[in-house]
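A.B. asks: Sequence:
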Amino acid sequence: MYQDFKDLLGTELPIIQSPMAGVQGSALTIAVSQAGGLGSLPCGMLSIDQIVDEIMAIQAGTDLPYNLNFFSHQPVPYDEKRQSQWQHALQPYFNELKLESPANSSGSSRVPFSHDIADAIEAFKPPIISFHFGLPEQGLLKRVQGWGTKVVSSATTVAEAVWLEQQGVDAIIAQGVEAGGHRAMFMSDDLTTQMGLMALLPRILDRVQVPVIAAGGIGDSLGVKSVLSMGATAAQVGTAYLLCDEAKTSALHRAAIKSDQSLHTALTNIFSGKPARGIVNRAIKELGPMSDTVPDFPYASIEMTQLRGVAEQQSSDDFTPLWCGQNTLGCREVSAKVLTKALAEKIV
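So for the sequence shown, numbering that gives the first Met the number 0 puts the first residue at 0; every next one is plus one.
Think of the hints as simulated: they come from the structure by calculation, not from any bench. Values in this document were obtained by computation on a predicted structure and should not be read as measured data. It cannot be assumed that every hint is accurate.
[To be verified] Pairwise CB distance ranges, derived in the manner of DEER restraints: (1) 123 - 315: 36 to 42 Å; (2) 56 - 250: 23 to 29 Å; (3) 229 - 292: 37 to 43 Å; (4) 84 - 58: 41 to 47 Å; (5) 188 - 99: 42 to 48 Å; (6) 83 - 3: 49 to 55 Å; (7) 94 - 328: 35 to 41 Å; (8) 52 - 228: 36 to 42 Å; (9) 281 - 332: 38 to 44 Å; (10) 123 - 100: 19 to 25 Å; (11) 84 - 122: 41 to 47 Å.
[Claimed, not checked] Below, computed lysine-lysine pairings styled on DSSO-like, alpha-carbon distance capped at 30 Å: (12) 124 - 336; (13) 247 - 97; (14) 5 - 124; (15) 5 - 141; (16) 5 - 336; (17) 247 - 336; (18) 247 - 340; (19) 5 - 284; (20) 336 - 224.
The C-beta atom is built at its ideal place from N, Cα and C for all residues, glycine as well.
The task is simple: from the sequences and hints, build the whole structure.
C.D. replies: Structure below.
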């Protein structure tokens, strides 16, 4: 039932820690890998120098397999008209927080995988690389595979899974709609196509031959065992790690997760421009959750980050993206090593 994960991941346990940009660094990656799972490092918001530094830290902290995660979205040009409309919509909040008008900037802190990044990491020959929002172009993909690196990507629909298999991935992550953070959608922006994991997983398993990893709403060993019994090769867990000692989750974010506020999550595009699941706060209630005014990914984050910075100084999470899945019951304030082993209890 569970025999394939060791061939795929090279790990002792069929547990993958979901890469969570903004709330973790290499410390969490190392802890999970040392515990027998596959620790992941989110690289989509890091500079090339930061990526290299983090890989070096991982390799200094463990000789066990790890996963590097990258965005593979197609960048779109900065649209001054749409950005101006977004700034106008947010102006009342800038006034309230006594901030000057939004600072114009076409820069982005979220960049897709590129040959420049590949140049920097090639010498490390990372064992596994996962992609979000599809895959890079074929030449770049083949380059990564030429290192002997296994390639994994996320699918939110059967059509996406079939396409990923056709491109030659080693495994597919079936991302149920329960999952926290950004939806991996890349073939459609229609949220009505998004399915819960229990419906999505068997459908993908029925249509592809490569290993399938289950993600979304998995928070304990019972959840892990359930998806493995359905045919998944491994389980990817994110939200449950948010309170771990090695996570960089902020005090405001931790407080929201531990409160009844976490009972209400929603898919929203107001923080980045792409749908992502987070705990509902003031910004989501008043602006969204889904807004047609929002600029394309990732430019919506420019102004929201400015508001967030000031609000958080006032101990307010009104403008903070509180990324979180629907199931917080597995969140524990322990070492990620302890949590990883607990997730695999009585399974292997």
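A.B. asks: Decide, hint by hint, whether the structure agrees.
C.D. replies: How the hints compare with the structure:
For residue 123 paired with residue 315, a C-beta distance near 40 Å keeps the hint of 36 to 42 Å intact. For the pair residue 56 and residue 250, the supplied restraint of 23 to 29 Å holds, since their beta-carbon distance comes to about 24 Å. Between residue 229 and residue 292 the C-beta distance comes to about 40 Å, which sits within the given range of 37 to 43 Å. One distance hint, 41 to 47 Å for the beta-carbon pair residue 84 and residue 58, holds here, with the actual separation near 46 Å.
Checked against the given bound of 42 to 48 Å, the beta carbons of residue 188 and residue 99, roughly 33 Å apart, lie outside it. Separation of residue 83 from residue 3 is about 51 Å and conforms to the stated range, judged on CB atoms against 49 to 55 Å. In this structure the supplied range 35 to 41 Å holds for residue 94 paired with residue 328, their Cβ-Cβ distance being about 40 Å. Between residue 52 and residue 228 the CB atoms are about 40 Å apart, so this pair conforms to the stated range of 36 to 42 Å.
For residue 281 and residue 332, the Cβ-Cβ distance of about 26 Å falls outside the hinted range of 38 to 44 Å, so the restraint is violated. Here the CB-CB span from residue 123 to residue 100 is close to 43 Å, at odds with the stated 19 to 25 Å. With their beta carbons about 45 Å apart, residue 84 and residue 122 fall inside the hinted range of 41 to 47 Å. For the hint linking residue 124 to residue 336, the alpha-carbon distance of about 25 Å falls within 30 Å, and the restraint holds.
Distance hint between residue 247 and residue 97 is fulfilled; the C-alpha atoms sit about 29 Å from each other, no more than 30 Å. Distance restraint check for residue 5 and residue 124: the Cα-Cα separation of roughly 19 Å lies within the 30 Å cut-off, and the hinted pair is therefore satisfied. Taken as a hint, the residue 5 and residue 141 pair is honoured in the structure, with Cα atoms around 23 Å apart against an allowance of 30 Å. Between the alpha carbons of residue 5 and residue 336 the distance comes to roughly 19 Å, so the proposed pair stays at or under 30 Å and holds.
Distance check on the hinted pair: residue 247 and residue 336 sit about 15 Å apart at the alpha-carbon level, within 30 Å; holds. At most 30 Å may separate the alpha-carbon atoms for a hinted pair to count; residue 247 and residue 340 meet this at roughly 20 Å. Distance check on the hinted pair: residue 5 and residue 284 sit about 44 Å apart at the alpha-carbon level, beyond 30 Å; violated. Taking the CA atoms of residue 336 and residue 224, the gap is near 19 Å; set against the 30 Å cutoff, the hint holds.
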